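Visitor: Please work from the sequences and hints to get the whole structure.
In case you want the letters, here they are:
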Amino acid sequence: MLFNTTQFFIFLPVVLALFYTSPQRFRRYILLAASYFFYACWNYKFIALLLTLTAIDYTAGIWLEKVAPGPRKKALLILSLSANLGFLGFFKYYNFLASNLALLLRKPQHAFFLDIVLPLGISFHTFQSMSYVVDVYRGQQKAVRSPIDYALFICFFPQLVAGPIVRARTFFRDLFNWRPPSADDVSTGIFLLTLGLTKKMAFADQFAKVANRYFSDVAGNPGMATAWSGVLAFGLQIYFDFSGYTDMAIGMAKLFGFHFPVNFRRPYLASSITDFWRRWHISLSSWLRDYLYIPLGGNRHGQWMTYRNLALTMLLGGLWHGASWNFAIWGGYHGALLSVERVFRGDRPMREEWSWLYPVKAVLTFGLVLIGWVFFRAADLPQSLQILGQMFSRPGGHTLLQHWHVGLALVALALAVVEEKFEWFEWVIQAPAWAYAAALAAMFLCVEIFGVIDASIPFIYFQF
Amino acid sequence: MPALPPVRIPGTSLQKGRGLALLVAFLGLFALDGLLFRTPFYPSIVQMDSSTGAFELTLRREQQAQTRNGDNLVVTLGDSRFAYSPRLANQVTAQTGYVFRHAGVAGTDVRSWYYMLRDLDPTARRYRAVVFGVTDYDDEDEFFTPDDDIRALHYAIARLRWSDVLEFALSFHSRNVQWEALRGASLKGIVYQNDLLAFLAKPAERIRRVRIERRDFDKWTYDYLETPRSMAGLQIDWKAWKVTFPPGLDQDQQDTVNGDLMRAPAPQTGRVAAFRRAWYGRILDRYRGSRTKIIFVRLPRGPIPRPAGLVRKKSATIREFASLPNVLLCDEHAFDSLEHPELFRDGMHLNRAGVAQFSPMLAEDISRMLGSAAR
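First to last, the sequence lines map onto chains V and E.
Following numbering that gives the first Met the number 0, the numbering of the first sequence begins with 0 at its first residue and continues without gaps.
Following numbering that gives the first Met the number 0, the numbering of the second sequence begins with 0 at its first residue and continues without gaps.
Since the hints were made in silico from the structure, they are not lab data.
A few of these clues could be false.
[Claimed, not checked] Facing chain E, according to a computed beta carbon distance under 7 Å, are these residues of chain V, among others:
| hint | residue |
| --- | --- |
| 1 | S186 |
| 2 | E340 |
| 3 | Q401 |
| 4 | W403 |
| 5 | A430 |
| 6 | A432 |
| 7 | L439 |
| 8 | A440 |
| 9 | C445 |
| 10 | I452 |
Here the structure is a predicted model, which means the values were calculated and not measured.
Ideal Cβ positions, reconstructed from N, Cα and C, are used throughout, including at glycine.
Guide: Following this line, the structure appears as structure tokens:
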């Protein structure tokens with residue numbers, strides 16, 4: 000059940016209605032049942048896996064709180080993390096490792112392959128679960144006593160399959176002190192739900208058509224302009240797709256009285272790669288910072304260790320997205336860029352002020368990000384190199400984007416710049432009813448006219 | 000647990016306001032859709048080689064033809080199989096007194112013809128006869144089910160009114176098609192989407208093309224000459240269920256023979272009969288008490304017609320209609336003489352020679368059935 004399907008828009012109001020018409024003590028059960036139902040719509044067999052991971056970390060949390068600091072506590076933590084990483088590794092990375100092993104042993108590529116289906120959202124909920132266990136270990140989070148509450152934290156349907164990765168303290172703060180959503184929450188929730196749907200159906204899916212056309216036949220679409228337009232289309236697709244999903248998730252959560260953190264902050268307006276990662280998939284980058292980069296030593300052990308930690312964090316962040324060398328290269332590429340920026344910037348804090356140079360920096364950053372997307376989207380390394388070869392070849396080819404694609408992109412850019420400078424979304428959310436209704440109607444019309452309606456294109460991050 | 004942030008007391012009135020705003024936004028969507036797609040503007044710039052474009056240009060052409068011609072107009076409706084030339088049919092106007100016009104559009108069915116006729120003949124009195132070309136007076140179900148043919152939505156979209164939405168959607172058989180029809184008939188932008196995006200890609204070129212098409216469509220279609228290629232040499236052994244194609248036939252020609260003439264008999268579910276009863280019934284209701292005759296013509300069926308008895312047909316809706324006062328059935332075998340490979344361009348359409356023979360025959364037969372043109 001995708002967020003952009005008719006079934007979901009029946010499911011959501013039904014769950015909202017059940018939630019608000021039930022006595023408060025039953026509401027978490029309703030949300031839990033709805034979340035498992037939502038997950039089961041994709042593949043009910045993996046509910047068992049979800050329950051197993053939930054049970055492991057729920058138990059680990061309680062034990063970790065009871066055990067005094069020392070080797071036993073550490074062993075418990077390692078046990079829990081191993082279970083999480085074991086499941087994640089098996090489902091996500093087994094075949095990748097198997098094919099590389101086969102290559103090493105000069106065996107056929109599929110010699111050790113297993114027919115594994117990747118459970119939906121496993122990368123997201125294991126990270127969420129691991130952060131809880133680590134926080135309990137560190138004493139930053141009290142262990143949750145109710146298995147129902149913990150299960151809901153792991154499988155709450157708005158963010159179950161593609162985030163944002165919510166920290167336990169954020170979720171349980173809302174759950175344990177649940178209040179009906181405020182007027183602002185309702186207003187923001189409806190707005191974000193509509194905005195997310197618009198981003199996904201009218202923008203992401205239209206750019207997806209162009210990107211899919213290009214990446215499915217790179218050899219048949221030669222030329223520099225063709226390559227750049229195909230990669231640009233993917234860059235826009237992935238942004239609108241993922242941020243659209245996140246907007247919907249945050250909006251839905253607000254309607255249920257939960258407050259998820261912002262996950263995207265106009266990343267393509269970033270003035271540097273460092274800035275980009277402060278704006279793109281913020282819940283993942285902050286997770287990587289708190290649970291990987293800082294434990295690795297962060298910037299506390301000198302320049303070279305900082306560069307190593309950055310590169311390693313980004314490399315693993317890349318691999319988190321998928322089991323292929325391309326994702327590793329993509330992560331490594333960003334790690335290298337972050338390190339290079341760090342070399343030039345030194346320890347000075349990063350400045351994001353707008354100046355005449357800002358647009359130049361933003362365009363340059365966007366260009367570097369686009370180059371990275373080649374590795375992210377291409378089928379394999381040879382295809383990535385072929386595309387990069389085209390992008391930096393002599394001018395030629397033709398753009399795959401129509402005038403109206405460019406129009407859509409420019410409208411989005413203008414809205415992003417205005418939001419960056421004047422926070423117009425916030426104004427609309429607080430605006431008089433007529434202005435608020437007009438904004439919603441405009442988005443609905445956009446979905447009607449530009450939305451890809453009959454071909455349901457899955458969210459990109461569902462595969463992670 | 001960390002300290003709780005202050006929680007705002009819900010502002011009930013604003014919540015209600017937002018709920019109302021959502022409702023207003025939905026109404027606004029329908030209003031904007033109506034403004035863009037339910038006014039004459041957008042249908043007038045739809046590209047001709049789309050279902051809607053062909054349908055709208057045909058309607059416009061026939062509306063204009065009404066002003067140029069007198070009272071003795073006969074309009075024919077059908078799909079691409081109703082391949083006759085009004086120009087050739089009108090060569091006998093001097094003898095018959097009737098002027099033939101064709102409002103048929105390739106790919107359409109009676110559901111679309113209903114909406115075409117409703118706007119072409121709002122008073123149900125403009126024509127002396129409305130002639131429907133059908134392939135069979137009996138009802139035969141095929142694997143293709145016309146009651147679920149969503150193309151009707153795309154042909155008739157510009158003709159659908161608010162009051163049609165529910166009835167039109169429910170006229171389809173399966174739930175998912177009903178939903179698609181309901182959605183499209185309510186929010187026409189969804190149906191026009193591909194056309195609109197093509198327009199936005201090259202707006203100036205579209206406007207230029209539309210201008211030319213609107214100017215010349217009548218001439219192009221009235222003077223259209225069917226292809227001379229034929230199926231001469233085609234042989235079918237019905238006992239062995241084997242077809243022998245003459246050399247030189249292209250894949251399309253062979254496909255129409257395999258797909259139409261050599262099609263396997265389908266289970267007789269009665270869906271075609273129900274579909275015909277529903278939509279011809281609605282048309283007949285509109286013309287009840289009118290001076291306009293409703294005439295059914297069985298078209299030449301193919302270069303080698305399928306033998307009778309392949310399927311046990313359970314009903315004959317068109318024959319049942321013949322009992323109504325203003326309904327006439329053309330002799331079923333009137334055009335059997337045209338069912339020869341030499342007169343067909345593929346497995347179902349007449350070629351130039353076939354059209355040349357069929358057109359005056361049709362005009363004479365219909366005129367004979369109508370009697371004197373003088374009133």
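Visitor: Next, verify each hint and record whether it holds.
Guide: How the hints compare with the structure:
no.: 1; hint: S186; in the structure: holds (5 Å)
no.: 2; hint: E340; in the structure: violated (33 Å)
no.: 3; hint: Q401; in the structure: holds (4 Å)
no.: 4; hint: W403; in the structure: holds (4 Å)
no.: 5; hint: A430; in the structure: violated (9 Å)
no.: 6; hint: A432; in the structure: holds (4 Å)
no.: 7; hint: L439; in the structure: holds (3 Å)
no.: 8; hint: A440; in the structure: holds (3 Å)
no.: 9; hint: C445; in the structure: violated (10 Å)
no.: 10; hint: I452; in the structure: holds (6 Å)
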